[in-house]
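Chains as they are written, first to last, in the working numbering: chain A, 12 to 121; chain B, 301 to 465; chain C, 262 to 908.
Hint data in this document are derived by calculation from the structure and do not stem from the laboratory.
Here the structure is a predicted model, which means the values were calculated and not measured.
From the three backbone atoms N, C-alpha and C, an ideal C-beta is built for every residue, glycine too.
A hint or two may mislead.
Taking lysine-lysine pairs in the BS3-like style, the calculated list, with each CA pair at most 27 Å apart, reads [said to hold, decoys possible]:
1. LYS877(C) x LYS387(B)
2. LYS109(A) x LYS387(B)
3. LYS109(A) x LYS411(B)
4. LYS571(C) x LYS635(C)
5. LYS120(A) x LYS411(B)
6. LYS424(C) x LYS120(A)
7. LYS636(C) x LYS424(C)
8. LYS109(A) x LYS462(B)
9. LYS120(A) x LYS382(B)
10. LYS424(C) x LYS288(C)
Have a look at the derived ranges for each label pair, beta carbon to beta carbon [stated by the list, open to error]:
11. LYS120(A) x ILE858(C): 55 to 61 Å
12. LEU440(B) x MET904(C): 23 to 29 Å
13. LYS120(A) x LEU440(B): 42 to 48 Å
14. GLY882(C) x MET460(B): 17 to 23 Å
15. GLY456(B) x GLY873(C): 48 to 54 Å
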Amino acid sequence: MLPNYIPAHVPISWYLILSAMLFVLGVAGFLLKRNIVTVFMSIELMLNAVNLSFIAFGFMQHTVAVNAQVFVFFVMVVAAAEAAVGLAIIIMVHRNRKSLNVDDIELMKF
Amino acid sequence: METILFFVFAALALGSAINLIRESHPIYSALSLVAVMGALAGLYLLLGAEFIAVVQVIVYAGAIMVLFIFVLMLLNAEEEVKIDRTKIAVRLGYPLLVLLAVEIISVLRAKFPSEITSHADLLNGDNTREVGRMLFDNYLLPFEVTSVLMLVAIMGAVVMGKRKS
Amino acid sequence: MERTDLHLWVLPLLPLLGAAVNGFFGKGRSRGVIGGIACTTVGLAFVYAVYLFFTASYAEHAHIEFIAPWIAAGAFHADFALYLDPLSMLMTLVVTGVGFLIHVYATAYMAEEDGFYRFFSYLNLFMFFMLTLVLAGNYLLLFVGWEGVGLCSYLLIGFYYLKKSAGDAGKKAFIVNRIGDFGFVLGMFLIISTAGSLDYDKVFMAFRGSSVENGMGPITIICLLLLAGACGKSAQLPLYVWLPDAMEGPTPVSALIHAATMVTAGVYMVARSSPLFVKAPDAMTAVAIVGCATSLFAATIGLVQTDIKKVLAYSTVSQLGYMFLACGVGAFSAGIFHVMTHAFFKALLFLGAGSVITAMHHDQEMTNMGGLRKKIPITFATMTIACLAIAGFPGLAGFFSKDEILWQTYSHGHAWMWALGTLTAAMTAFYMFRLLFLTFFGEPRSDHAHHAHESPRSMTVPLIVLAVMSVIGGFVGVPHVWGGHNEIEKFLEPSVGAPAMHVAGEASDAPAESDPTAERLFSLYAVLAGFSGIGFAYYAYVAKPDTGRRLSEKFHGAYQVLLKKYYVDELYDVLFVHPINWVSRAFLWHVVDSGVIDGTANGLADGAQAVGGVAKRIQSGLIRSYAAWIVIGAVSVLLYMTMVWAK
């Protein structure tokens, strides 16, 4: 069997910590990557991390609550819509600038 | 058993996420993201959310990531250039991230001591039915609204993708 | 205190209306219209004043007319209120009457000048302020009039503003006045803090119960400060320096402002404050000393001046000294009596001088005149009457008023001041007749004198009227010893009290003031002084015309000092003007204004720009830096919530 220091059941906090780490990695990608599409993928990573924590919280209840899972369902739907529209925008930006470098999009200033 | 599976999937998820950041070619990053999603699907199963696990694989990994890869190939994405024009994000980035991680994790450890564990023994396999019932019972309105949302997104994507001819 | 409505506000308002109409609409109108408007307003005011004199009841109790509220600050109230009592009634009559005559005269005198409408606008404005001053019901409104006449005198003295000397004279008048006003304002503050109000009735009521002070009590200090203000306005030592320079203005201005009305504002204010002064004997002594010294001082300067208007200017200062002397010894009604008679003959003298100057084509030096009595006879006759009046010829106006002052001085125990005053009277007679003889007698000493001709009717008629007043004006003050009833003293008694009363705190080493023989004797002394002055002038300038030159050579040093007016202006220049100028330029301008104030303002602007220059770099347009800022914000908020708030 397993050694004693490894618990039989996984504590919820581990799932939450994993979710936190994935989220931070997503922020890291957002800040540090230079390709727009990669930045966008980091956003998806962040959303996934949050989904995980939702499911973990849902599992914490005495009866397995399905509300969390329904919410995750909706999150996925919105993520899909956002991905579609965002990628369309990226394509348009690429058409105008011929570059996928996020630093080339710098018109959001006075 | 459960614990081992958790470690396996967690390691896979974390490793792929780190790889996503480290890779310089976006296609490799996309593939890493697919791996993350797969690992997360496994974790969902461990947490008793079969429906969500499967939806994750089908929708996220199977459709959205494919869309990403389509776009990458369409735009002929290349390796990233190593020029940074912003100084803040680069210089402050790492410390901020560490700080963020420490903060969140410390809160979590404080609020959720290790004694709270999962109740995997309560899994009974009719998760899908419950989710379905919830969707069409309590959350009917949001369900319909999201369908409108999808319609709007599709229209937006089509309008923006058209060439001006 | 009656409160029936006499519409006193009409009196100052009429000239104000004239000033506004002429000032705003007068440019380009015909001389007749402008002059007509100006004279009519003053004339109507005079008529109404006469009407009030005969019909209104103000003798027993002063008539206070409340017009509008003004200041209400805590317990202190000051309102626009007009005050009619014998004193202000008399002053109003003098101001409007003499003012009207001068306005008529000026329409002819100024006929050739540019800025005709401006002149009459200012002149009417002056009348407005002067009437506000004499009719005011509280010190604050008096001060408004006070400052207003100061302003108008500045405007009118500097009327020929294209001449630098005129502008300088106007500034000098205004600035020296302001120095006195500083004292006046401090006095008013003290009055507020001791009596709680500036209204005449309240202030006098507050001090009625005070005992007579010995030494520097609060009332004495108030009175000394008021005296400072009066010295500025009425050109007493040491603040007289503006009045001779003020002769730069047109002659009607000199007549109105500096002879008949404005400079007497100081005397009026002292007389009005008589309830305060009688409680402060030391202040009264100061007033008397100032008056006596000034009259002697100015008379000595007047002995040698050659500009006809300067002689009259110094004579004005000297006569004002007499009025102050009178107030200082307690004979306030005598002082006001002299104000009235002085208004008549001094205005006459100035207007006559104006007539002479016009005849001489604006040459004012008496050394160029001579023999004018055949050329401008009316002027000659009227000016002779005026000179006789000022010298104290028996029966004319100046005789009674000057006599009364000298007698009151002696009978209140101030023998020294009586002696100096009599000496001054002799000198006055001398230099006035010197003026007369130099101007009108002998042979013409220049072409202008040769071709002089008489002035038009509108100038000579006021001269005649004033001459008549100079003759009969004294008869309201004939003292009992000569068979009269001294009406003016009785008339003014409700306002300023009877002279005998004011000796209350003093030791009575005074000879019995009701000693008729002594009074007649002293009248004789004054008359003798006058005649001796006239006689000596006759000797020096008619019989032996060389005398003046010989004396000036023999006493060359003294002559120079007198001619240069004791070098007072130069002294003030060195003591005050140059240091202040230097401080203003080197320190206040360069250091404080350019360096500190501008430096601070510019420095703030530069600082703001610098901060902006740094801060604007946040907005780079780069998505990643914006994202970084968001993360910084999130981290900080989380930090705050976990560290601070969760505790």
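So, going through the hints one by one against the coordinates:
At most 27 Å may separate the alpha-carbon atoms for a hinted pair to count; LYS877(C) and LYS387(B) meet this at roughly 15 Å. Restraint check for LYS109(A) and LYS387(B): satisfied, since their Cα atoms lie roughly 24 Å apart, inside the 27 Å limit. The suggested pairing of LYS109(A) with LYS411(B) is violated, with an alpha-carbon distance near 49 Å, which exceeds 27 Å. Distance restraint check for LYS571(C) and LYS635(C): the Cα-Cα separation of roughly 24 Å lies within the 27 Å cut-off, and the hinted pair is therefore satisfied.
This hinted pair does not check out: LYS120(A) and LYS411(B) have alpha carbons roughly 41 Å apart, beyond 27 Å. For the given pair, LYS424(C) sits about 63 Å from LYS120(A) by alpha-carbon distance, which is inconsistent with the 27 Å threshold. Proposed proximity of LYS636(C) and LYS424(C) is contradicted: the alpha carbons are some 31 Å apart, above 27 Å. For the suggested pair LYS109(A) and LYS462(B), the alpha carbons sit about 17 Å apart, so the restraint of at most 27 Å is met.
For a cut-off of 27 Å, the pair hint linking LYS120(A) to LYS382(B) stands: about 24 Å separates their Cα positions. For a cut-off of 27 Å, the pair hint linking LYS424(C) to LYS288(C) stands: about 22 Å separates their Cα positions. For the pair LYS120(A) and ILE858(C), the supplied restraint of 55 to 61 Å is violated, since their beta-carbon distance comes to about 37 Å. Checked against the hint of 23 to 29 Å, the pair LEU440(B) and MET904(C) fails, with Cβ atoms roughly 43 Å apart.
Between LYS120(A) and LEU440(B) the beta carbon distance is about 44 Å. The supplied range of 42 to 48 Å therefore holds. At roughly 22 Å, the beta carbons of GLY882(C) and MET460(B) sit within the given window of 17 to 23 Å. Under the hint 48 to 54 Å, the C-beta atoms of GLY456(B) and GLY873(C), about 39 Å apart, miss the expected range.
The structure shown violates the earlier hints numbered 3, 5, 6, 7, 11, 12, 15.
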